[in-house]
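Using the sequences and the hints, build the whole thing.
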Amino acid sequence: MQLSSYARLVVKNARRSRTRLVATLGGCALAALIMSVCMVVDTTLRGVEERAEAQPNLIVHRRGRHCLATSEVPDVVAERIAGVAGVALAMPVVYLETPCQSATDVTVVHGVDKGLFMEFRAFSVEPGALEEFRRVRTAALVGERIAARYGWRPGQFVTMQELRGISFTIAGIFTTHGSIYDSVILLGREFLQDTLDKRGTSNMVLVKPAEGVDVRALGARIDGLPLPVPVQTQTEEAHLSTALAQLGDLIEVSRVVQGAVAFLMLIAMGNGVAMAMRDRTREFGVLRTLGYRGDQIAGLVLGEILMLALAGGMVGCAITQGLVVAGVLDSVSACGFTVSLRMGVREWLMCMGVIAGVAAVSGAAPAWRAGHVDVVSTIRKGD
Amino acid sequence: MKGNGVIVARDVCKYYRMGTNEVRALDHVTVEIGAGEFVALMGPSGSGKTTLMNIIAGIDNPTSGRVCVAGAELQEMSEAERSAWRTRTIGYVFQNFNLVPVLTAEENVELPLLLLPLSRAERRAHVEAALESVNMLAWRRHYPRQLSGGQEQRVAIARAIVTDPAVLVADEPTGNLDAEAEREVMELLVQLNRQLGTTVVMVTHDATAASYAGRIIRLEKGRIRG
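In the order they appear, the protein sequences are chains A and B. In this text, residue positions in the first sequence follow numbering that gives the first Met the number 0: the first is 0, and each later residue adds one. In this text, residue positions in the second sequence follow numbering that gives the first Met the number 0: the first is 0, and each later residue adds one.
Keep in mind the hints are simulated off the structure, nothing from the lab. All C-beta atoms, glycine included, are put in the ideal place defined by N, C-alpha and C. A few of these clues could be false.
[Said to hold, decoys possible] Derived contacts from chain B toward chain A, CB cut-off under 7 Å, selection only:
| # | residue |
| --- | --- |
| 1 | Tyr15 |
| 2 | Met17 |
| 3 | Met52 |
| 4 | Ile58 |
| 5 | Asp59 |
| 6 | Arg65 |
| 7 | Ser77 |
| 8 | Ala79 |
| 9 | Thr103 |
| 10 | Pro111 |
| 11 | Asn175 |
[To be verified] Cβ-Cβ distance ranges computed for the label pairs, FRET-style:
| # | chain 1 | residue 1 | chain 2 | residue 2 | range |
| --- | --- | --- | --- | --- | --- |
| 12 | B | His141 | A | Leu309 | 29 to 37 Å |
| 13 | A | Val344 | B | Gly70 | 55 to 63 Å |
| 14 | B | Arg224 | A | Tyr5 | 41 to 49 Å |
| 15 | A | Ser16 | B | Arg224 | 43 to 51 Å |
| 16 | B | Arg87 | A | Ser3 | 17 to 25 Å |
| 17 | A | Ile266 | B | Leu115 | 49 to 57 Å |
| 18 | A | Val10 | B | Glu127 | 42 to 50 Å |
| 19 | A | Ile266 | B | Glu219 | 35 to 43 Å |
| 20 | B | Glu219 | A | Arg277 | 31 to 39 Å |
| 21 | B | Met76 | A | Arg277 | 53 to 61 Å |
[Said to hold, decoys possible] Computed far set for chain B versus chain A, every beta-carbon distance over 10 Å:
| # | residue |
| --- | --- |
| 22 | Glu21 |
| 23 | Ala56 |
| 24 | Ser147 |
Right, here's the structure in full:
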């Protein structure tokens, strides 16, 4: 049978009952929506760890205070660390976030040394914007994700009540090409310290090791320094992993939800399809008398199920994509890191793959039965 | 198998078990139907007429015996071969019409053609010719629910003849029709039989319907009577 004819039959059959069509499409769309949201959180968090491996920087914070908001480190610590052999640069950083420990809408501010911060990671920013950021005390550079979330433009004056009422003027928008820093607001450290009334105190020290240095040994040397406060040094990757471990429950829950949704979809679809196919048993028998083979009829049934499931799945994924683009589902934050959620091709393919797989499994038995009906008994008169 | 008929059934038996009893639906039936014949299979309920027709149509298997239809030995064909053979050789008309409710009249008629290597234009031409021959071309875009019983049966006949089969089998084709529709359908079957030379095998209880046939084969308790 030609593919176009096959597709036309599948579409005609799928539209057979409006109620069933709406219920199946709606169910699959809802399942895809829930699964894709969970997948976005899951894959984004896993992706952050992978990208962090490229960052060789060290993070120094108060011992036992992994959450940067609770870690207070005097700026003098950075000066002492800068003198350690193997340290290329050390920069105190003030950390401020909206009062949520783990949420999907957290705003993070880093107070940095305006002359040094570009040495630590690859920020892409307009030279004019950088110049203004360095020149004006109240100027800020904002990551592209957070700028998109709030619709900020360069030159805009912003007051953030949820961040202790700090006000700043946006000098420019930067990108780090997908790292967690794309959701961060950069301000001058001293300006932020003054605003918070904590002059001379930051939350962490960012350390850039000299080339070829063993970072673990360097971390041990820093931790062994006689400093005003006990500190703990970690690679950014390790720090991020520890932070993400605190989101472990969220990841676990998202996976359980994905599994539960897939299972429920399997049961619901399997039941719905089986009922619908039972009503059409005679029709399958009639098709057999016309010369349709069992596998062709099974293919029609399976094609119908897959078409409905994929159409519903696409609607669900598109809604998730819309929520991400619109900023409703923007980021996940935990202990110093804000992870921007992304719905990319990979998440689309994964979600549609799961939907298609579940639909194929739930439809396999009804399709097999449709292709193996007893022709004589199904077309019996008066039934 | 020896025989000059387009349908030759030799010593055909069809037994099945119902509980502990063995039911002999067909018991050593031998029948030969010539090309272009119009034959009515008559008999009381349970006499085996529908079973014989289904075996001729290749949708049921005899317990023993041999059946040759249009030169094909049915028991020697695989299930897939028999399906392909059925598309080209057999047209099946049901008592209940059995049109697919979500397809229009022309889409129902097109169903068997989808299995053949034909272009869309060729399929369209075949469908129009078949609908024209049953005088239903004007209703081509109607769905079964929009047609009367007689019209539905005429569309079903168009579907049965659209592949130009050698044999048309009809299982009580007028059983659900009023007298006027019955007359129209029977005249149509006779016309197709005469004009196209299609061999027609019709199961019926109805003596009026049987009177349109050229020959009547009577079955009783699984055997041919007389």
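Structure-based check of each hint:
no. : hint                            : verdict
1   : Tyr15                           : violated, 10 Å
2   : Met17                           : violated, 13 Å
3   : Met52                           : violated, 11 Å
4   : Ile58                           : holds, 5 Å
5   : Asp59                           : holds, 5 Å
6   : Arg65                           : violated, 19 Å
7   : Ser77                           : violated, 10 Å
8   : Ala79                           : holds, 6 Å
9   : Thr103                          : violated, 9 Å
10  : Pro111                          : holds, 5 Å
11  : Asn175                          : violated, 9 Å
12  : B:His141 / A:Leu309: 29 to 37 Å : holds, 32 Å
13  : A:Val344 / B:Gly70: 55 to 63 Å  : holds, 56 Å
14  : B:Arg224 / A:Tyr5: 41 to 49 Å   : holds, 47 Å
15  : A:Ser16 / B:Arg224: 43 to 51 Å  : holds, 47 Å
16  : B:Arg87 / A:Ser3: 17 to 25 Å    : holds, 22 Å
17  : A:Ile266 / B:Leu115: 49 to 57 Å : violated, 40 Å
18  : A:Val10 / B:Glu127: 42 to 50 Å  : violated, 23 Å
19  : A:Ile266 / B:Glu219: 35 to 43 Å : violated, 52 Å
20  : B:Glu219 / A:Arg277: 31 to 39 Å : holds, 36 Å
21  : B:Met76 / A:Arg277: 53 to 61 Å  : violated, 30 Å
22  : Glu21                           : holds, 18 Å
23  : Ala56                           : violated, 7 Å
24  : Ser147                          : holds, 20 Å
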